[in-house]
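Work the whole structure out from these sequences, hints included.
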Amino acid sequence: MLSIKNLTASINGTPVLKGIDLEIKAGEIHAIMGPNGSGKSTLGKVLVGHPSYEVTGGEVTFEGRDLFALEADERARAGLFMGFQHPIEVPGVSNAAFLRLAYNKKAEAEGRDELDPLEFDDFIREKIKLVSMKEEFLDRSLNEGFSGGEKKRNEILQMAVLEPKLAILDELDSGLDIDALRVLGDAVNQLMRPERALLVITHFPRILETIRPQYVHVLSGGRILKSAGPELAVELEERGYDWVLEEAAAGGRR
Amino acid sequence: MTPAVDASPLSDLLAGARPEGWEALRAAAEARLAGQALPDTGMEDWKYLDLALLHGPAFRPAAPAVPTTASADIQPYIHPEMMATRQVFVNGFHAPHASCATGLPPGVRFFPISAASEACRLLGTLGEGAPDFFEDLNTARFTEGAVLLVPQNVRVEVPLHLLFLSRSAGDGTVPTMLPRLLVALDRGAELELVEEHHGEGTYLSCPVVEIRVAEGAILRHERIQRESTEAFHFSALKAEVARGGQYHSRTLSFGGRLSRQRPRIRLAEGAEATLDGLALLGGNQVADTHSFLHHAEPHGTSRQLHKCVVDGQARAIFNGQVRVAPGAQVTDAQQQSRNLLLSEKARVDTKPQLEIYADDVKCSHGAAVGQLDPDELFYLQSRGLDPEDARNLLTYGFAADLLARIPVASLRRSLRHLVLARTQAASLGDLA
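Chains as they are written, first to last, in the working numbering: chain B, 835 to 1088; chain H, 17 to 448.
Treat the hints as calculated values from the structure; they're not laboratory data.
Honestly, I wouldn't trust all of these hints.
[To be verified] Restraint-style ranges between C-beta atoms, simulated for each label pair:
| no. | chain 1 | residue 1 | chain 2 | residue 2 | range |
| --- | --- | --- | --- | --- | --- |
| 1 | H | Pro390 | B | Leu1025 | 28 to 38 Å |
| 2 | H | Gly145 | B | Glu960 | 53 to 63 Å |
| 3 | H | Ser443 | B | Glu923 | 50 to 60 Å |
| 4 | H | Ser443 | B | Gly979 | 47 to 57 Å |
| 5 | H | Ala374 | B | Glu948 | 49 to 59 Å |
Just so we're clear, the structure is a prediction, and the values are computed from it rather than from any experiment.
By construction, the Cβ of each residue, glycine as well, lies at the ideal position given by its N, Cα and C atoms.
See below:
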C-alpha cells in the first residue's frame, strides 16, 4: 500500500529525515516510536503533504501512485489520513458542516452519492457513538475551545467519517486520560479492516496496548534505527530508548 | 477659512423651519453646522473616508412611504421569533400598520419620538465627545424615531426588532432619513435589541441611537447594516452604562457605498461592555468604524473584537479608541482588530488607540492584517478539500465567527447565508 524508499526531507533547509525506508501492506499496523525530536511527526506530515517540509530525495508510492505528484487534498481523497497531534482550530465553521463537506468531497471523488444535511445527520449520529462524543460538539466551531482530549476525539471522528485506506495517527495519546485513550484506541481498532492499514506514531508505548502493531520501528536522528515485532515496544517500555541509540552507534543498523 | 454651510451639498436639508421640540438642542447643533462644510480628508477623523461622492446629488428629506405598498415589502424582513415585538420604519418614518408590539411585556413603553415630549429629558444628553457632522444634522432636523423605555427589573424575554427600510426616490434626488432612537433601561432591566437597516437604491441614512443602561441593567444590541451598496449610512451611537450595568453590542456592516459607525460608550464603575464588529465589503464599498470606549470609573470591563473582510477595491477603516480615565483602576480592556484582505486592491486602515491614565489596569490590544493562516488551510486540505474550497471555507469562518452567538435563529441563519454568498463559499453547500 505504502512504499517509502530512501526518503529525505528538510525544514527551512535543515535536514530532518535522512533516508527512511518503510513498507506498509494492507491489513498491517505499524508503530513508529522514538525520542522527542527524532523526526517521527515529520515523517507523518511529509507523507500527507504539509507545506512546511521540503522533500529532498527518495520516493514514496501509495497504492502504486507517486505520492509526491499529488497535492495534500488529492492525497486525502486518495485515502490517506493523518490524525494530528495538535489539530487546528477553525472558528466560525461548525464541526458538523465541516465533516459533511469533507465526507461529500471524498464521496464525490469516489463516485459515491453525497449526503444531504438530513442524511448526514443520521450518519454522523452513529459515528459519534464510536468515539463517545457529545452531540453538542457537532454544533460547535471546528475544534474551537476543545480540550486536548476533545480534539483527539474529533480527529478519530474525522477518520471514522472519511474511512481512509491508510491512517497515520500522531501521538494520539497526548492529552488523553486512560479512559479516553481506551475509547479512541477501541474506535481505531473497529475502523481497521483487512484492506486498510495504520501507522501509529508515538513516544510512549502505552497506546500500543490497545492498538496492537505487528511491526515496531525506532526512529531517531531522521533514520529508522531498529525494526522488530511487537516485543520491541515492550522492551522500550522497560528500557527506554538509549540502548537502541547506543546499539545503533556501535554497530550500525541491526 | 470656514466655508458657510451653503458649501455643503446637504444644506438643502437644513432649509425651512426647525422642527418642533428640543429647541435648545437643535439650535446648538445647527450653530455647529453653520460653521462647517462637509468633512473632508484633510480632517484627521475623515482622513480615509472620502465624502466626495456626496458632492453632486441633491439631498432631500425623505417622504413617508405609502402604507399599502409597504406591508408586502416588509414581509421578507420579518423574523418569526420577533413577529410580535417588531417596530418598522419606512424611509425613516415609523410605520404603525407594519409594526406589532403585542409581545412586549406590560410596562415596556415604545412610542414614536413625535409622541415624546420635550419632557423626555434624556435625549441629547447621553454619551460623550463631540458630535460629528452627521449626528448634528440628525439632531438639528430629526422628526422621526422612537423612544423605548424598560422599567425597573423587567426582563424582556423576547428580542425587540427595530427594522429600518429605505428606498431611493426615483426622481434623481437622494432621500435622507434622520431617525432618532432613545433606549433607556431602568435598574435591573434586561433587553435584547435587534436593529436592522435594509434598503434599495441611493439614499442617505443618518441614524442616531442614544442608550442609557441604568445600574445593573443589561442591554444586548445586535446592529445589522444591510443598506444597499449605493446608499450612504452614517450612524452615531451614544451609550452610558451605569454602575454594574452591561451593554453588549455586535455591529455587522454589509451594505453601503460609504458608511460609518460611530459608537461611543461611557462605562461607570464595574460596568461591562462588548463592542464587536464585522465589516464584510466588496466592490467599491468603503466602511469606517470610529469607536470610543471610555472607562470613566474603576472596575470596568470591555471587550472589542473588530473584523474586516475586504474584497475587490473595497476599503475598511477601523479607529478604535479606548480611554481609561485617571482613577479608573482595575479596568480590564481588551481590543482586537483582525482583518482579511481578499484581493490585491482591497485595503484596510486600522488604528487601535489606547489612552491609559490609570496604573492598575489590564489592557491589551492587537491588530493584524493579512491573508489566511497556512496551517488552517493545510488542515482543511488534509481532509480532502481542494485549496479553493479550503480558502472559501476559512474566509466564511473568519466572518461567520461573529454570527454564532446571535440569539435569533432565523436572523443568524439568514446572515450566514449572506456571508456564504459574499465569501464565495456558497458552492460548498449549506453550511448555515
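Just tell me: holds or violated, for the beta carbon distance of Gly145(H) and Glu960(B) against 53 to 63 Å?
Distance hint for Gly145(H), Glu960(B) holds at roughly 58 Å.
Does the Cβ pair Pro390(H), Leu1025(B) satisfy 28 to 38 Å?
About 29 Å separates the Cβ atoms of Pro390(H) and Leu1025(B), which means 28 to 38 Å holds.
Does the Cβ-Cβ separation between Ala374(H) and Glu948(B) fall within 49 to 59 Å?
holds, 58 Å
Could you check the hint for me, namely that Ser443(H) and Glu923(B) are 50 to 60 Å apart, CB to CB?
The hinted range 50 to 60 Å is violated for Ser443(H) and Glu923(B), with Cβ atoms some 24 Å apart.
Take the C-beta atom of Ser443(H) and the C-beta atom of Gly979(B), compute their distance, and say whether it sits inside 47 to 57 Å.
With Cβ atoms ~28 Å apart, the hint is violated.
Checked against the numbered hints listed earlier, the structure breaks hints 3, 4; every other hint is satisfied.
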